[in-house]
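Add chains Y, G and Z to chain F, keeping to what the hints say.
In order, the protein sequences belong to chains F, Y, G and Z. Under our numbering, the residue at position 166 of the first sequence is numbered 679, and the numbers go up by one with no gaps. Under our numbering, the residue at position 107 of the second sequence is numbered 620, and the numbers go up by one with no gaps. Under our numbering, the residue at position 1 of the third sequence is numbered 514, and the numbers go up by one with no gaps. Under our numbering, the residue at position 132 of the fourth sequence is numbered 645, and the numbers go up by one with no gaps.
No lab work stands behind these hints, which were simulated from the structure alone. Built from N, CA and C at the ideal position, the CB exists for glycine as well. Mixed in with the good hints, there may be bad ones.
Derived pair list, reagent style DSS-like, types lysine-lysine, alpha-carbon separation capped at 25 Å [unchecked claim]: (1) Y:K714 / G:K789; (2) G:K767 / Y:K683; (3) G:K761 / Y:K683; (4) Z:K789 / F:K714; (5) F:K777 / Z:K683; (6) Z:K698 / F:K767; (7) Y:K761 / G:K515; (8) G:K714 / Y:K714; (9) Z:K698 / Y:K714; (10) G:K683 / Y:K767; (11) G:K789 / Y:K683; (12) Z:K761 / F:K683.
In silico negatives: residues of chain G with every beta carbon more than 10 Å from chain Y [what the hints assert, rightly or not]: (13) P598; (14) V619; (15) A650; (16) K690; (17) T737.
Protein chains: 4
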Amino acid sequence: MKKIGIVGATGYTGVELLRILATHPDIEITYVTSRSNVGMRVDDMFPNLRGFIDLEFSDPDTDALAKCDLVFFATPNGVAMQHVPALLKAGTKVIDLAADFRIKDVELWSEWYNMKHACPDLLAEAVYGLPELNRSAIKSANLVANPGCYPTSVILGLLPLVKSSTIDLKNIIADTKSGVSGAGKGANVATLFSEMGESFKAYNVAGHRHQPEIAQTLSVLADTHVDLTFVPHLLPIIRGIHATLYAKPIQNAKPVKNAKQTEKQDWQALFEETYKDEPFVDVLPAGSHPETRSVKSSNMCRIAIHEVSQNSQLVILSVIDNLVKGAAGQAVQNMNLMLHLEETTALNQPALLP
Amino acid sequence: MKKIGIVGATGYTGVELLRILATHPDIEITYVTSRSNVGMRVDDMFPNLRGFIDLEFSDPDTDALAKCDLVFFATPNGVAMQHVPALLKAGTKVIDLAADFRIKDVELWSEWYNMKHACPDLLAEAVYGLPELNRSAIKSANLVANPGCYPTSVILGLLPLVKSSTIDLKNIIADTKSGVSGAGKGANVATLFSEMGESFKAYNVAGHRHQPEIAQTLSVLADTHVDLTFVPHLLPIIRGIHATLYAKPIQNAKPVKNAKQTEKQDWQALFEETYKDEPFVDVLPAGSHPETRSVKSSNMCRIAIHEVSQNSQLVILSVIDNLVKGAAGQAVQNMNLMLHLEETTALNQPALLP
Amino acid sequence: MKKIGIVGATGYTGVELLRILATHPDIEITYVTSRSNVGMRVDDMFPNLRGFIDLEFSDPDTDALAKCDLVFFATPNGVAMQHVPALLKAGTKVIDLAADFRIKDVELWSEWYNMKHACPDLLAEAVYGLPELNRSAIKSANLVANPGCYPTSVILGLLPLVKSSTIDLKNIIADTKSGVSGAGKGANVATLFSEMGESFKAYNVAGHRHQPEIAQTLSVLADTHVDLTFVPHLLPIIRGIHATLYAKPIQNAKPVKNAKQTEKQDWQALFEETYKDEPFVDVLPAGSHPETRSVKSSNMCRIAIHEVSQNSQLVILSVIDNLVKGAAGQAVQNMNLMLHLEETTALNQPALLP
Amino acid sequence: MKKIGIVGATGYTGVELLRILATHPDIEITYVTSRSNVGMRVDDMFPNLRGFIDLEFSDPDTDALAKCDLVFFATPNGVAMQHVPALLKAGTKVIDLAADFRIKDVELWSEWYNMKHACPDLLAEAVYGLPELNRSAIKSANLVANPGCYPTSVILGLLPLVKSSTIDLKNIIADTKSGVSGAGKGANVATLFSEMGESFKAYNVAGHRHQPEIAQTLSVLADTHVDLTFVPHLLPIIRGIHATLYAKPIQNAKPVKNAKQTEKQDWQALFEETYKDEPFVDVLPAGSHPETRSVKSSNMCRIAIHEVSQNSQLVILSVIDNLVKGAAGQAVQNMNLMLHLEETTALNQPALLP
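Next up, chain F with everything else stripped away, as it sits in the complex (with noise of 0.2 Å):
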């Protein structure tokens, strides 16, 4: 059994990763921390997971942490990298969910996180963990960045167009929609019931951080600078991220796929090809229009992919739910695959539907 720390266990991201591991196998949680809640039961502030966790929010203590195999570190983002370095000369492996590790470009990653980075010699160690990229190195790494959730739910829906080289890397446009659990739990106007309930808006329409996130991962996808106007909106859900993904195939290019053997590409196989032995990415017969319910609780990202109006427009629509492959779900995926366990382990389940 594996021992495990969640750093920061009280907002959403926190709880389903307790949620997750409740009943993973393989590993035991050992201590979760939360600086405001020290003594108080898990199950106290956590109903839910009452009969499942029988623990005490204890401090951040770094000793403590370093007994654990693989600590989470579920904290606002200038957390993790306080305490990354001791933990893994202390042999401990870290995954953060937050944003210290994802820009491997410090001076990129200051601008928009507003913060000095703590430990930028570890930038270039950090691997970006999405399986469907990095899985090798993710097997061998000490130090993983979980993805964002918008950037999981478009560098999924974009991957196969930028790998084979086929699109129009200057005319990209992210139209995301997330769910509220994405801006977290603290006590804020903004996001209340009465507030985001009954009403829809875009917002960081002039910038937002999952945009060079995801601009850089796609550049190293396609080795030269992919740029792309991103725009995020709130949905009145508690989870769930649809990316409506437009992309302009490059014209005259040699089909990568073409399932009719004719001079047509076919998108439907490129992507069915490029993920035919993913786990959790589902591509949807030709013609489907997802669902965010049809992935809730889940950790499958279910894509599908339509060429419109006579060769000139490409359309994918990408889902997750936010809180398990946007965030907690991918971070186990990632963690089975750090320990060397089974890569679905506690995953496999099939999303609450209705």
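Okay, now just chains Y, G and Z, sitting in the frame of chain F:
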């Protein structure tokens, strides 16, 4: 591996049965029926089941069903009773999630359900499938009537009081609130999103079919006629029932439970004692207010008991997920008992929160 | 044109006052205060008011407020009582939408509101602003205590019964459900979208501040002490209160209303008669189930009365929009009365449905 | 007092027309039809109208309708065209809220609406009822085709750009999101509360009837063929449309508007100038993100324009209430123009927020 059939698997109860059974290690779903969707893949209708259920809907054929060890009927009222006699004769056990076998008095049943019963002689044999009440009978039953959703929440909330003869049986009020999925998946203007959203109402104040079901069960428990006022309401949520139960303590009754050795009844201790060995009833600490979301997707019933206004009024709060403990989860619990499997198999998961 | 001031206009009650008053032909809003937003345009905070309210938030200055004919306090409890003596002295009428002047017994008030009252001598002078009860007193009042939202729905639902002495005053239960906007616009984890959505719960079962307010009002009406069990719940909707009220008819009481000349009480006729001249109480046809959405955005209270279980139980269903008849709308109704304007001005609009 | 008839008043558009017209001082609703509810009181179906509409549903009789000055058709596609010729002949003006007269090309219309047009000769005469585009034509029209909900939000968001020839007409994307009431009040599994709640999805990516309507209108405006990619989504809210529009500025185009006298286009000034005299289009301050709730229940369209990524991408955000500016409100605006009443009568109300 036990062979399991599901008749009428296209409604909310049906898909929930499939979701729960999908990961059950001791059974195999071999036959799933839907008269109007014969030949359609189950996961084409329910994309959350992609990768879990590799079956097509079949016609409800009695011979095919008779090859199963156990068959669930997740059908409208009046369907199960047409098939049950043949299945029982063939040695196949049956759990009816509808109301055909819940009411022992066939005339009362006909009055509330507006039809003639097809096999009244089986009513006596059918066991009311509330494990907290009838566990040993369920274990040896061939035919189980799975309780209604409201009755499950109400009976579990009142059972310790009725059993201990500590409340006035002529003065019980059940003010109950249910999520919309309880109304089923039929095309119906009244349950459209735009009708149910951002609103709340009572319905059937003059009489609801679950009232006689509750009254019958409590009367057996009390060994005298129990009536109660039952008022259902529709909540703008998908899953969840909250029962707010009002009862008057009998004055001068001898305390059944009294942890502090005084003359006063210790209601909290009474509830905790009653349910101390139950895997799916959780008595919350004194002063609690259970939320429906604390049981969403789970088979748990959470209960809190309050005494207000100087001993003159008990208020019991009882929450379940109407599709799980109120339907499919309880049915699987009953199946486990009937097939002599571990009672909690496939049901032992934390609720989804938030 | 009467000059109107609003103190504390940044909460939900404040913006609702502004919305309703924006089209009132006989008044002019001259002064709107918010201590923490001085200098900000009102319509920068509330874009729905763009083109309707051309004002900035000011500091709550007593001299400036005293230039108004009438001032609304849409402030937290304990604020109005600091300003009211000076305003009354200056000849400015006041409507407090908070609780400072609702409870006549100053000790009881202090017990429930945890503070010392700043002007207990004004409690006797303050009129409880329920027009259906105190219309003539309101017309000549200088200080009106606008009723709480729950009390408005509960008192209007019970008034015909209490006034006619036809129910057992020791056996009243008010099971009430409120939309989340009733909890206000403060930054609060408990009322976040992700906490309130897709869930339902009771709260404050042990005691809620509106219980003594209701009990006081009913006691005056009955001319004897009335207690009641009051259990509030939180609904996942923004606006709306639904009160489900349970009362026991007094056996052998002489029928007050009996359209059919029999010995049986005609409850429907009693309610219709009581409210026949009220512009904002609508008694629905017998057998109805009012929906909260049928009063959304409107100042109407809709009521239905049911008698169930062979005369032994009355169930009254009463719905209001908590921000309108439960707060700002009723306050404007009171203002109209106090300023001798037509009572229904600016309030006579159909509810928004769906 | 002008006499007004409404054909098909039982859907959401119908009840919204009744709500708005209920307080209109210059008209009188004299005839309201519903084939399947003849004889039923209108306020029995819509309790929000109790006290406002004292009418019963009648059969849609042409002679009776011809006594009206103006008739609204709030009917399914294909109904209005059966009655319009007779009504026009009788001198009764008509506004069709469905799509019978929106598309000028009768073959294109038949292709999208799957029926033969009953009076193709009237298509040329019908005026597309977007007052911001066709005000003077509407004033003298006898037959107005009320625009679709999506088209209203999209066209108003693009009009200043298309009119000024400043964007690439081959590269427009409209990512649109609508509340569920847009799908109507028919009994339909797909729009049940339990299907739509807590979820989000795109639909009709391959093609939606509103695409040709938008393309036709923009093409007339641009005097050249405009195509656009149109992707609709369903939001779990009742009312509201949010259009997120993506357009590419033409490089080196001469700035139309440039408040700061530089070479750069001033998009904000362009939008403000275009709509400065419009009563129902509100250009928000630069940097804004309009929320759908800021127009709930109101006839306003609120728009914000953003330029992102170094001039290479314009993002326009446009919100309306689909039942008001997207249907019944715009229809009343058209009625006011056609009957030479004040354009804003009965429509000049702040939105309901929260």
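Outcome of the hint check:
The suggested pairing of K714 of chain Y with K789 of chain G holds, with an alpha-carbon distance near 24 Å, which does not exceed 25 Å. Between K767 of chain G and K683 of chain Y, the direct Cα distance comes to roughly 24 Å. Compliance with the 25 Å bound is thereby established for this hinted pair. At most 25 Å may separate the alpha-carbon atoms for a hinted pair to count; K761 of chain G and K683 of chain Y meet this at roughly 12 Å. For the hint pairing K789 of chain Z with K714 of chain F, the CA-to-CA distance comes to about 24 Å; that is within 25 Å, so the pair holds.
Proposed proximity of K777 of chain F and K683 of chain Z is supported: the alpha carbons are some 22 Å apart, at most 25 Å. Proposed proximity of K698 of chain Z and K767 of chain F is contradicted: the alpha carbons are some 48 Å apart, above 25 Å. Distance check on the hinted pair: K761 of chain Y and K515 of chain G sit about 53 Å apart at the alpha-carbon level, beyond 25 Å; violated. At most 25 Å may separate the alpha-carbon atoms for a hinted pair to count; K714 of chain G and K714 of chain Y meet this at roughly 16 Å.
For the hint linking K698 of chain Z to K714 of chain Y, the alpha-carbon distance of about 19 Å falls within 25 Å, and the restraint holds. Taking the CA atoms of K683 of chain G and K767 of chain Y, the gap is near 24 Å; set against the 25 Å cutoff, the hint holds. Annotation: proposed proximity of K789 of chain G to K683 of chain Y is violated, straight-line Cα distance about 35 Å (limit 25 Å). Annotation: proposed proximity of K761 of chain Z to K683 of chain F holds, straight-line Cα distance about 12 Å (limit 25 Å).
Every beta carbon of chain Y lies more than 10 Å from that of P598 of chain G, the smallest distance being close to 36 Å; the non-interface claim holds. Annotated as non-interface, V619 of chain G keeps its C-beta farther than 10 Å from every C-beta of chain Y; the closest such distance is 23 Å. For A650 of chain G, the requirement that its beta carbon stay farther than 10 Å from each beta carbon of chain Y is met, with the minimum near 31 Å. At the 10 Å boundary, the C-beta of K690 of chain G falls inside the reach of chain Y, the nearest C-beta of that chain being 6 Å off.
In this structure T737 of chain G is separated from chain Y by more than 10 Å, as the shortest Cβ-Cβ distance comes to about 17 Å.
Of the hints listed earlier, those the structure fails to meet are numbers 6, 7, 11, 16, in rising order.
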